[in-house]
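A.B. asks: As you go down the protein sequences, you meet chains A and B in turn.
Reading the first sequence from the start, the letters are residues 1 to 278 in my numbering.
Reading the second sequence from the start, the letters are residues 1 to 241 in my numbering.
Hints in this document: simulated from the structure, not taken from any laboratory.
Any given hint could be a false lead.
[As the list claims (entries may be wrong)] Simulated restraints on C-beta separations: (1) B:Asp155 <-> A:Gln64: 49 to 57 Å; (2) A:Ala168 <-> B:Ser103: 33 to 41 Å; (3) A:Arg79 <-> B:Ser33: 40 to 48 Å; (4) A:Ser62 <-> B:Pro106: 50 to 58 Å.
Beta carbons are placed, not taken as given, at the ideal position from N, Cα and C, and that holds for glycine.
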Amino acid sequence: MGRKTLINVTLGTILMTAGFGAAWAVASDPPPDGETSSVAVRLYLTEGSLPTDDLNAAAWNSIQPSEFKLAPQVHWPDRIQEVTVKSVKVRGMHNGRDLAVMLEYDDPSEDVADAAALEFMVGDQKAHFAHGQGMLQVEGGPVNIWYWKKENGKATDMSAKGFKTLRAQERQDVSATGAWQDGTWRVVFSRPLQTGDEADVQITPGEWRNVAFAFWDGQLVDGVEKEKGSQKAVSSWWYIRAEPQPDNSIYGYVVLGIAIAAGFEFFLVRKIRKGNQA
Amino acid sequence: MKGPLAQTGILLVGMYVFLKFILPLFTAPLPASLIFLYLALTVAAAMIFYTMSGAGLEEFMGPIGRFLTGEGQKGVATTARVMVFMLFPLLVGWQTYTKLAPSDVPPPENRTIHPAPPGEFVGLSNPFQKTQENIMMGKGLYAAFCSPCHGANFDGKGPASVGFNPPPANFGDPGTIAQLQESYLFWRIKKGGVGLPVEGMPWKSAMPRWEVELPDEWIWKIIMGEYDGAGQSPRTWEEEE
């Protein structure tokens with residue numbers, strides 16, 4: 001009996017530990033293969049005012065950017081097969097009241113018709129990334145587009161729900177500044193996290209939103225802009241989230257969990273011992 | 001090895017190795033939650049088996065009970081007992097933390113890649129003859145309209161394929177058109193991403209709605225060219241030659 005018990009006990013322990021180990025190992029599925037570019041933009045939480053006018057501020061350069069690839073727009077007419085902007089680096093921050101997003105991308109020439117845009121779903125309704133075009137089996141919502149063009153020198157806050165419905169909103173909530181240097185554009189968009197305008201995306205720290213990107217190289221070729229309108233570089237939906245305030249109550253719950261588990265062990269052993277005596 | 005507990009342990013390890021490492025050799029890997037569920041079922045089955053087969057619950061639970069109470073334990077067993085007793089609360093603490101800690105990873109979206117087509121697109125057959133001429137015409141149209149995304153080599157790696165999530169389908173992959181009927185492709189090409197039902201997440205798909213640009217005849221011929229070019233054949237109801 002003594003020997004058998006010992007073997008069983010040791011084996012049981014090994015198995016338990018192996019079980020825990022296995023649970024740990026299997027609890028996290030490996031990420032899918034070939035994910036080289038980012039999936040999400042993170043708006044880092046900072047304090048004080050945001051460097052929306054100083055595009056070379058240390059605060060910007062200290063942020064590790066997310067990077068998204070871009071494709072020529074071949075989804076609907078008028079298509080384009082080759083575009084200038086191949087990928088974009090995105091950095092973001094917020095201070096609990098306002099947010100700022102910087103798009104950094106390569107474009108060899110600075111042209112008045114160069115432009116960049118961010119697109120968001122509005123509210124809880126899903127919207128197709130191509131201007132919220134109508135879906136056949138799902139009721140879609142509108143999109144909110146933040147559009148910056150070099151020659152305007154400012155942002156336009158826009159809405160669309162389907163092709164040919166894009167228009168500037170009555171209420172303008174977005175600002176933007178762009179600076180071109182040595183073949184690279186840096187464009188910073190800024191806005192309050194919450195605008196109170198139903199047509200706008202509302203950003204609540206901690207909550208995930210969808211975001212997509214578009215860029216136009218306005219270089220003149222034979223007097224015509226190389227890219228304009230639907231001829232642009234695009235992405236489909238990715239994710240964006242404003243970092244939430246750190247929440248220290250988590251550690252309270254961890255301590256509570258440990259205490260409950262230890263208490264459970266204590267009572268379990270007591271119960272078994274009592275049972276054995278009976 | 002004797003004793004119900006030891007046997008169950010061996011069974012569990014065997015099950016895990018089979019589910020995690022051997023099964024993926026033949027089919028898609030199982031998600032962690034499913035493996036966990038199967039292992040839990042194995043434990044439950046073993047307990048039922050041993051209690052029913054006369055060995056009695058005591059023989060199964062007895063060693064565990066003695067281990068936990070530490071009765072008559074010495075040496076290694078005592079150390080092991082202390083370790084398990086310390087490990088369990090720590091594990092609970094760790095689990096609590098990982099469940100509550102804010103995650104930098106977006107929530108998983110389980111998109112159904114091949115949702116059911118609408119009724120009117122079930123069982124249609126290609127009205128055009130599979131002639132060399134029709135296939136060539138289909139390939140030409142494919143090159144003009146589809147290859148920017150799906151690639152000149154049908155591998156989903158066209159110049160406009162980057163930046164899209166989900167990416168354009170790779171027709172050489174046995175998991176795409178080889179599993180589908182021509183009728184299903186006709187639906188997908190005609191209605192595009194926006195034609196998908198909610199579980200297919202139409203808002204994310206870059207697949208164009210070709211019915212607004214291409215006549216049905218072209219779509220049927222493109223389907224022929226697509227299968228031929230990708231070296232696949234459509235799935236049929238009766239697996240006739």
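A.B. asks: Decide, hint by hint, whether the structure agrees.
C.D. replies: Now the hints, each set against the structure:
1. B:Asp155 <-> A:Gln64: 49 to 57 Å: violated, 32 Å
2. A:Ala168 <-> B:Ser103: 33 to 41 Å: Holds, at about 36 Å.
3. A:Arg79 <-> B:Ser33: 40 to 48 Å: Distance hint for A:Arg79, B:Ser33 holds at roughly 42 Å.
4. A:Ser62 <-> B:Pro106: 50 to 58 Å: violated, 24 Å
The earlier numbered hints that this structure contradicts are 1 and 4.
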